Amino acid sequence: MDQLELLKKDWKKQESTLPKLSKEELSKLMYRKSSSIVKWIFIISVLEFVIPNLIILITGSKSTEQIYEDLGLSNFMTIFLIVSYLIIFGFILLFYKNYRSISANANPKVLMQNIIKTRRTVKYYIWFNLAALAIVSIVVLNRTFDSNEFLEKIPEGTNMLVIWLISLLLVAVAVAILWLFYRLIYGIFLNRLKRNYNELISNGID
Amino acid sequence: MTKELEHKFVVDLEKNQNIVHKVCRIYTNNQDAHNDLFQEISIQLWKAYPKFRGEAKFSTWMYRVALNTAITLYRKSKRAVKTQDFDSVLYKIESSVYDDTEEEQLKILYKTIHHLSDIEKALVFLYLEDKNYKEIAETMGITEVNARVKMSRVKNKLKEILNP
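Residue numbers (this note's numbering), protein chains in the order written: chain Y, 1 to 206; chain X, 1 to 164.
Hints in this document: simulated from the structure, not taken from any laboratory. Take the hints with a grain of salt, since some may be wrong.
[What the hints assert, rightly or not] Restricting the straight-line Cα-Cα distance to at most 25 Å, the calculated cross-link-like pairs of lysine-lysine (BS3-like) are: (1) Y:Lys97 <-> Y:Lys123; (2) X:Lys47 <-> X:Lys22; (3) Y:Lys9 <-> X:Lys121; (4) X:Lys157 <-> Y:Lys109; (5) Y:Lys33 <-> X:Lys8; (6) Y:Lys9 <-> X:Lys47; (7) Y:Lys28 <-> X:Lys76; (8) X:Lys47 <-> X:Lys3; (9) Y:Lys8 <-> X:Lys8; (10) X:Lys51 <-> Y:Lys12; (11) Y:Lys28 <-> X:Lys121; (12) X:Lys8 <-> Y:Lys20; (13) Y:Lys8 <-> Y:Lys23; (14) Y:Lys9 <-> X:Lys111; (15) X:Lys107 <-> X:Lys47; (16) X:Lys157 <-> X:Lys22; (17) Y:Lys117 <-> X:Lys51; (18) Y:Lys13 <-> X:Lys8; (19) X:Lys47 <-> Y:Lys13; (20) Y:Lys20 <-> X:Lys76; (21) Y:Lys13 <-> X:Lys76; (22) X:Lys157 <-> Y:Lys20; (23) Y:Lys194 <-> X:Lys15; (24) X:Lys76 <-> X:Lys47.
[Stated by the list, open to error] Ranges of calculated distance between the beta carbons of each label pair, as one might list FRET restraints: (25) Y:Ile135 <-> X:Arg153: 46 to 52 Å; (26) X:Ala56 <-> Y:Leu169: 36 to 42 Å; (27) Y:Ile43 <-> X:Asn35: 52 to 58 Å; (28) X:Thr2 <-> Y:Tyr186: 34 to 40 Å; (29) X:Ala56 <-> Y:Phe76: 53 to 59 Å; (30) X:Lys134 <-> Y:Ile135: 18 to 24 Å; (31) X:Pro50 <-> Y:Asp70: 53 to 59 Å; (32) X:Lys134 <-> Y:Arg183: 27 to 33 Å; (33) Y:Thr17 <-> X:Val149: 30 to 36 Å.
Just so we're clear, the structure is a prediction, and the values are computed from it rather than from any experiment. No residue lacks a Cβ here, since even glycine has one placed at the ideal position from N, Cα and C.
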């Protein structure tokens, strides 16, 4: 007999050996804690929204406002913050819409697509955050290095190019560390999903 | 209302629980992991149940949610990952019914299935459940042609491992 047919025959025979749970046991199961990946994706995404904003709130004290004013950046920072919050609000709407579309009722392909789409939105949000961090840093550095206060403090004949290079390097390191941190979180949750998704959609003629 | 829905769900689940158990048998290789996955699928079924409008048969819908959970939503617990005890597939085989060679062959077959990828396991499962290509395509969300190609690949892979 064909081996796969043998397997199929055995599979059918096994029906009788399957466990049988009572209605009471089943209703207990329904309310147990889920270890679903979606729950974790949701928790992490919320943290990704909350933590950067929390940092801004904590560090954005009166003294930093004073610093911006001294540097003549008040207007820039106000416009920058308004634009940022508008963009963040747009992201939250998008994110919520995507999250709602994740449902086990869809077939595996659509379900995986929806999760990947949700993560992509969050990824764009992260890129936005990293870009904002870099832009603000560079603008603030530029003004600081131009201010009299700063120029008075440094020894004469200091090469500004060196100062710029070191500062930019520090900004790049900060951005890179944040980026690596996000990559790590992605890796943990999305590797298996992406592998399965690619396997499912590949047409097999490759 | 909720109580009513809950009661209806438990009745449906009890009647069709075999489907969930069978998905667990394909995706896990010991009793603890089986119970873990069974619990997660039950939770996901209950969560999705209010949206189930009877557009498909309850059992068809169940195949979809159960496979979704096993392939995508379920995060294996450490316990389940650590216990890579492939000999424990034995617990699935009712001995004494078969002669030695058949039993040996089945043992190897089940062992091989446990080494397949998540997607391949789903295909083998649907094959064993006697689903036709149209149903397989619908359940997985792929085209019928794709389902055909993938299925013949998995079958060939299994045969190759069994007859080197």
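Do the hints match the structure? See the list:
A C-alpha spacing of about 15 Å is found between Lys97 of chain Y and Lys123 of chain Y, which places the hinted pair at or below 25 Å, so the restraint holds. Between Lys47 of chain X and Lys22 of chain X the alpha-carbon distance is near 21 Å, which keeps this suggested pair within the 25 Å criterion. Restraint check for Lys9 of chain Y and Lys121 of chain X: the C-alpha separation of about 18 Å stays at or below 25 Å, so the hint holds. Pair hint Lys157 of chain X plus Lys109 of chain Y holds up; C-alpha atoms about 23 Å apart against a cutoff of 25 Å.
For the given pair, Lys33 of chain Y sits about 21 Å from Lys8 of chain X by alpha-carbon distance, which is consistent with the 25 Å threshold. The straight-line distance between the Cα atoms of Lys9 of chain Y and Lys47 of chain X is roughly 34 Å, outside the 25 Å bound, and the hint therefore fails. Pair hint Lys28 of chain Y plus Lys76 of chain X holds up; C-alpha atoms about 21 Å apart against a cutoff of 25 Å. For the suggested pair Lys47 of chain X and Lys3 of chain X, the alpha carbons sit about 14 Å apart, so the restraint of at most 25 Å is met.
At roughly 32 Å between alpha-carbon atoms, Lys8 of chain Y and Lys8 of chain X are farther apart than 25 Å, so this suggested pair is violated. A hinted pair counts as satisfied when its Cα atoms are at most 25 Å apart, and Lys51 of chain X with Lys12 of chain Y does not qualify at roughly 31 Å. Distance restraint check for Lys28 of chain Y and Lys121 of chain X: the Cα-Cα separation of roughly 29 Å exceeds the 25 Å cut-off, and the hinted pair is therefore not satisfied. A threshold of 25 Å between alpha carbons decides the hint, and for Lys8 of chain X with Lys20 of chain Y the separation of about 18 Å falls inside it, so the pair holds.
Simply put, Lys8 of chain Y and Lys23 of chain Y have alpha-carbon atoms about 29 Å apart, too far for the 25 Å limit, and the pair is violated. Restraint check: the Cα-Cα separation between Lys9 of chain Y and Lys111 of chain X comes to about 17 Å, which is no more than 25 Å; the hinted pair holds. For the hint pairing Lys107 of chain X with Lys47 of chain X, the CA-to-CA distance comes to about 36 Å; that exceeds 25 Å, so the pair is violated. At roughly 22 Å between alpha-carbon atoms, Lys157 of chain X and Lys22 of chain X fall within 25 Å of each other, so this suggested pair holds.
Annotation: proposed proximity of Lys117 of chain Y to Lys51 of chain X holds, straight-line Cα distance about 21 Å (limit 25 Å). Restraint check for Lys13 of chain Y and Lys8 of chain X: not satisfied, since their Cα atoms lie roughly 29 Å apart, outside the 25 Å limit. As the CA atoms of Lys47 of chain X and Lys13 of chain Y are separated by approximately 32 Å, the hinted pair breaks the 25 Å bound. Of the supplied pair hints, the one linking Lys20 of chain Y and Lys76 of chain X holds, its CA atoms being roughly 23 Å apart against a limit of 25 Å.
Under the criterion of a C-alpha separation no larger than 25 Å, the hint pairing Lys13 of chain Y with Lys76 of chain X is inconsistent with the structure, at around 28 Å. Only pairs whose Cα atoms come within 25 Å are accepted, and Lys157 of chain X paired with Lys20 of chain Y is rejected, the gap being roughly 33 Å. Between Lys194 of chain Y and Lys15 of chain X, the direct Cα distance comes to roughly 34 Å. Violation of the 25 Å bound is thereby established for this hinted pair. Straight-line distance between C-alpha atoms of Lys76 of chain X and Lys47 of chain X comes to about 19 Å, which keeps the hinted pair within the 25 Å bound.
The hinted window of 46 to 52 Å between Ile135 of chain Y and Arg153 of chain X holds, with their beta carbons roughly 50 Å apart. The given range of 36 to 42 Å is broken by Ala56 of chain X and Leu169 of chain Y, whose C-beta atoms sit roughly 58 Å from each other. A beta carbon spacing of about 25 Å between Ile43 of chain Y and Asn35 of chain X contradicts the range 52 to 58 Å that was offered as a hint. At roughly 37 Å, the beta carbons of Thr2 of chain X and Tyr186 of chain Y sit within the given window of 34 to 40 Å.
For the pair Ala56 of chain X and Phe76 of chain Y, the beta carbons lie near 57 Å from each other, so the given range of 53 to 59 Å is met. In this structure the hint that Lys134 of chain X and Ile135 of chain Y lie 18 to 24 Å apart at CB is violated, the actual value being about 54 Å. In this structure the supplied range 53 to 59 Å holds for Pro50 of chain X paired with Asp70 of chain Y, their Cβ-Cβ distance being about 58 Å. Take Lys134 of chain X and Arg183 of chain Y: their Cβ atoms lie about 41 Å apart, and the range 27 to 33 Å is violated.
Under the hint 30 to 36 Å, the C-beta atoms of Thr17 of chain Y and Val149 of chain X, about 33 Å apart, fit the expected range.
Taken one by one, the earlier hints fail for this structure at numbers 6, 9, 10, 11, 13, 15, 18, 19, 21, 22, 23, 26, 27, 30, 32, listed in ascending order.
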